[in-house]
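Our numbering numbers the first residue of the sequence shown as 14 and each following residue consecutively.
Note that these hints are calculated values from the structure, not bench results. Computed from a predicted model, the values in this text were never measured in an experiment. Be a bit skeptical, because a hint or two may be false.
Under the rule of at most 20 Å between Cα atoms (straight-line distance), these lysine to aspartate or glutamate pairs were calculated in the EDC-like manner [stated by the list, open to error]:
1) Lys-102 - Asp-83
2) Lys-102 - Glu-116
3) Lys-112 - Asp-83
4) Lys-112 - Asp-99
5) Lys-39 - Glu-51
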Amino acid sequence: MVILTPTEKFINLVIVMDTDHVQRLKASLHFTMGKMCEEQETKTQISFDKNVIATITEILWQKIKLIAEDLEAFAKHGKRTTINLDDVKLLVRRNEDLKAILETLGSPNSEENAKIDKRKALVKKKKTDIPPEVHLDTDDDMFV
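Please put together the full structure from these sequences, using the hints given.
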């Protein structure tokens, strides 16, 4: 029998919860993919095997994971903890149509973010432009 410390128990609980959450998300994605395939079956009279639906779901899951990692990396590179529209635009930079849609949807928000970024840059620049204070010691003993 293995005895776990409270910290180890908590870590194991988080791992189990995280795994359970991931499994529920995957199941939801699989269900949605099945519904989409059913919809296509009625439109095109082509049926989808369950293995095909499972394969498409797994490919989509892997792509979603890559997208999430890229978005996190873009935000981290921008020294932010929140992913914003600029990160998404960077992600879709090679898809001109999607990029154009994002430009029209996020115009007011991106202008606001640009103003905030400019203010932050100005504050940062002012902090680096200020020369260090120079203290002159004017003791009389020095001049004797």
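Hint-by-hint comparison with the structure:
| no. | hint | verdict |
| --- | --- | --- |
| 1 | Lys-102 - Asp-83 | 12 Å, holds |
| 2 | Lys-102 - Glu-116 | 8 Å, holds |
| 3 | Lys-112 - Asp-83 | 16 Å, holds |
| 4 | Lys-112 - Asp-99 | 11 Å, holds |
| 5 | Lys-39 - Glu-51 | 18 Å, holds |
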